[in-house]
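Working from the sequences, and respecting the hints, build out all of it.
Note that full-length UniProt numbering has the sequence shown beginning at 1, numbered continuously upward.
Source of the hints: derived by calculation from the structure; they are not laboratory data.
One should not assume that every hint holds.
Quick list of in silico lysine-lysine cross-link-like pairs, DSS-like style, CA-CA up to 30 Å [to be verified]:
#1 Lys-56 with Lys-135
#2 Lys-56 with Lys-184
#3 Lys-135 with Lys-223
#4 Lys-56 with Lys-223
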Amino acid sequence: METRPARGPVAARRHGIEPREGGKPFMDSVKVAIIYYSSTGTVHALAGAAAEGARKAGAEVRVRRVAELAPPEAINANPAWAAHLRETADVAEASLDDLAWAEVVLFGTPTRFGNPSSQLRAFIDTTGGLWYQGKLADKVYSAFTASNTAHGGQESTILTLGTTFYHWGGIIVPPGYTDPVQFKSGNPYGTSHVAGDGPPDDVALEAARFQARRAVHTAACLKAGRVMGS
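Right, here's the structure in full:
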């Protein structure tokens, strides 16, 4: 006797979704990993705002910083850098498990001559095993950044991270101009801030919140669609 693929509540349970009364599925929270590097605190602040936006969208969130690789003499030569490193010592360090766990990954990094920081790149360079197993594919990815000066490589930094997402088979979700805050912040590729102007202002923080909400909403739609198509 021919059997049909499981659909409805049976298929839903296979995807971590329990049916509500009446047969309509209740979906688990979207899992979000915010993985970032910050030397003096600007990107750290954007990461915090993104986490707030994701949580308000109903997501389960992990905020993780990548390991600091700079030599102590370089760090100590910049009091703000040294202070931020001390102040964020309790932030959990990013691991490959965080990437494997997440359904949405937001990467944050300062620009370094138009590129992501070496600290974030070093973490990304350890992901070959996950990539080979296909565990980085079909996730939602987005990125945010900061530079010390205007036109200091913000767009190229985010676009460079996009190249990695292409190799992973990721689903890139930029903020675009899909919310009024984007017409104030002005970067359709991802949230960005000019650190030389001071800490992130309300516009930059709200842009980070919106970017995270949009990524969560997109992932939730994808998750629901996969269940309905099962």
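Going through the numbered hints above, which ones does this structure break? Give me the numbers in ascending order. No hint contradicted; all consistent.
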